[in-house]
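Participant: Given the coordinates of chain H, assemble chain B onto it according to the supplied hints.
As a plain string of letters, each chain reads:
2 protein chains.
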Amino acid sequence: METPENIIVCEDISADLKLFVQSNNYSKIAVLVDENTNQYCYPLISKDLPEHHLIKIQSGEEHKNIETCSDIWEEITHHSFDRNALFINLGGGVIGDMGGFCASTYKRGIDFINLPTTLLAQVDASIGGKLGIDFLGFKNHIGLFRQPEKIFVYSGFLKTLPQRELRSGFAEVIKHCLIADKVMFDEIKLLDLDKVNWDNIIPHSIAIKHSVVRDDPEERGLRKILNFGHTIGHAIESYFLNQKGNKLLHGEAVASGMICESWLSVKKTGLPEKDLNMISNFLKRVYNPELIQEADIDSIAALAVQDKKNDKGIIKCALLQQTGLCTYDQAITGDDIREAIQYYNDQIINN
Amino acid sequence: METPENIIVCEDISADLKLFVQSNNYSKIAVLVDENTNQYCYPLISKDLPEHHLIKIQSGEEHKNIETCSDIWEEITHHSFDRNALFINLGGGVIGDMGGFCASTYKRGIDFINLPTTLLAQVDASIGGKLGIDFLGFKNHIGLFRQPEKIFVYSGFLKTLPQRELRSGFAEVIKHCLIADKVMFDEIKLLDLDKVNWDNIIPHSIAIKHSVVRDDPEERGLRKILNFGHTIGHAIESYFLNQKGNKLLHGEAVASGMICESWLSVKKTGLPEKDLNMISNFLKRVYNPELIQEADIDSIAALAVQDKKNDKGIIKCALLQQTGLCTYDQAITGDDIREAIQYYNDQIINN
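Read top to bottom, the protein sequences are chains H and B.
In this text, residue positions in the first sequence follow this note's numbering: the first is 1, and each later residue adds one.
In this text, residue positions in the second sequence follow this note's numbering: the first is 1001, and each later residue adds one.
Check the hints yourself; a few may be wrong.
Here are the simulated lysine-lysine pairs, DSS-like style, with alpha carbons at most 27 Å apart [stated by the list, open to error]:
{"no.": "1", "chain 1": "B", "residue 1": "Lys1267", "chain 2": "B", "residue 2": "Lys1195"}
{"no.": "2", "chain 1": "B", "residue 1": "Lys1150", "chain 2": "B", "residue 2": "Lys1056"}
{"no.": "3", "chain 1": "B", "residue 1": "Lys1028", "chain 2": "H", "residue 2": "Lys316"}
{"no.": "4", "chain 1": "B", "residue 1": "Lys1316", "chain 2": "H", "residue 2": "Lys28"}
{"no.": "5", "chain 1": "H", "residue 1": "Lys195", "chain 2": "H", "residue 2": "Lys268"}
{"no.": "6", "chain 1": "H", "residue 1": "Lys159", "chain 2": "H", "residue 2": "Lys56"}
Honestly, the hints are just simulated from the structure, not real lab data.
These numbers come from a predicted model, not from an experiment.
Extracted from the complex, chain H is given alone in its bound form (with noise of 0.2 Å):
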């Protein structure tokens, strides 16, 4: 499969950006970090950058928001970046969406790169050009489309990761396997998460994501397979977002939506019942998830209602046919949540 033009695939990160940077003639340039990235990758950057603004935000989906942005917009404002800066979004998903979302609308759009730091981030949102930030709850609520100048993919950063991380991001990797290629989802149901080369997973998933991308880059049609398990997944992000503690990461809420709508896929577009126990199976032993009780499943049908993909108030999924196998803008209910979610229920307490 075609790895992307405008992504490389580091050795040597540092190397990699200081060629890019003097490749270019930037007026100035800013670094977005969190509280991790800065003290975690930060330092395998900086030295070979030329003079630049380290811009920090807090970590966390909490602070995906419009007040973040009007900092960070005020931020280059008082340091007189113009049209020809550039902005370097070095972190996980809520770097690059939030930062790729101000660079594209400070003065109208100046360039961005993407350093994801994360696995979620380097398989799946740092590619496809899509960014935004929260509002009201829901999430990527307000953002638009487009592509960053470069995305550096290095799987060095993921060495700073806690393994809870790195099995969220893992759900994206599930995903596209899932979605598009069998053979490959055989081979990663073997893994141990803890002995993985990362190097001969990334471009893999990459590419996946890439071909649909490329092929649809607004979500008109092909694209909407890759939100497999993400219209449940999401819900429950969102739902959990919004409650005291017991937050979830994207990938575990994924991996929660992955079993969901792999019930709802044998129900609805064919996928063999022994497919969906191997499927729930393996999520299950990976990810360990937990129980959605009564009392909240209401409200997560509510939000799936509620997501931005949904066409006049029709809930559309992407669903698969076969492992490998996916389709899009299949029509489900709010009951056929709830089912879903029974069954979800069903495989935990059948442990």
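Facilitator: Here is chain B on its own, set in the frame of chain H:
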């Protein structure tokens, strides 16, 4: 000159709008108005529109900010607008710029159309896809490029406009002639603003703007000629926006800016002195502009340095070579700006 495809010059705005809405299958419709367009323009279109949500904001540049955007996003979220909704901007430049920005970023972009109700918006602001809001006192500091689906230009709206607003919009008509059409400039010099048939003027002015924007939509080069009068004009406008009293309309500030920049055109790009005198006298007669106090000149020059069109701290300006011929990327200094404002003041004193 070519009339752009997505612009409809209307004789019957209500019928044309009805036809457009009927031939598209939008899930929901919002109409953005301020207190003026709600009173004077909305009644002209409301009868023939299907069910829709009216969103009211306060008029004026001082409300073109991120807080008003949040209010707008909140309102369409609460009405469960999905990606197949339509957003209608019924108003002048503020409504068009901000409403377009909100629509283009809501769920990563929904369709919007412009119904410009001021002369300024009809010949300039609604054409060309520049969207945005003010930030920290800088005009259009946050925004993006995106074309509306359609622009409905209806000169009937202008009957509801105060004379001062009409004269302000006329500054952009003058600018289009100065940068691209000497013959038309000689014609409009003879106009009596109380008796103009705008249907003879508006399509010509739109065609000039459109032909420039079509060749350079994201302002890499040629489009910069549309900034003639705006480097100093914007700085003057921004400066007085932050002062008590003394608010200038956009076109009034641009008229002052065109006097200053015509003087710079003599100094830098060979505009004949007699053309300068003719331009200055005409603009003074139409706009009767006010003196800029000595104490304010430095602040205005400083604002021009921060303008988003600048490149690495060098002020780049569009300047005239002849009446009807403009060039761009002419480097000027803070001293140039101060001298130009001095010339402008001398003209007013010697009036």
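Participant: Now look at each hint and say whether the structure bears it out.
Facilitator: Tested hints:
With a C-alpha separation of about 36 Å, the suggested pair Lys1267 (chain B) and Lys1195 (chain B) falls outside the 27 Å cut-off, and the hint is violated. For the hint pairing Lys1150 (chain B) with Lys1056 (chain B), the CA-to-CA distance comes to about 21 Å; that is within 27 Å, so the pair holds. Only pairs whose Cα atoms come within 27 Å are accepted, and Lys1028 (chain B) paired with Lys316 (chain H) is accepted, the gap being roughly 18 Å. Under the criterion of a C-alpha separation no larger than 27 Å, the hint pairing Lys1316 (chain B) with Lys28 (chain H) is consistent with the structure, at around 18 Å.
Pair hint Lys195 (chain H) plus Lys268 (chain H) does not hold up; C-alpha atoms about 37 Å apart against a cutoff of 27 Å. For the hint pairing Lys159 (chain H) with Lys56 (chain H), the CA-to-CA distance comes to about 22 Å; that is within 27 Å, so the pair holds.
In this structure, the hints that do not hold are numbers 1 and 5, in rising order.
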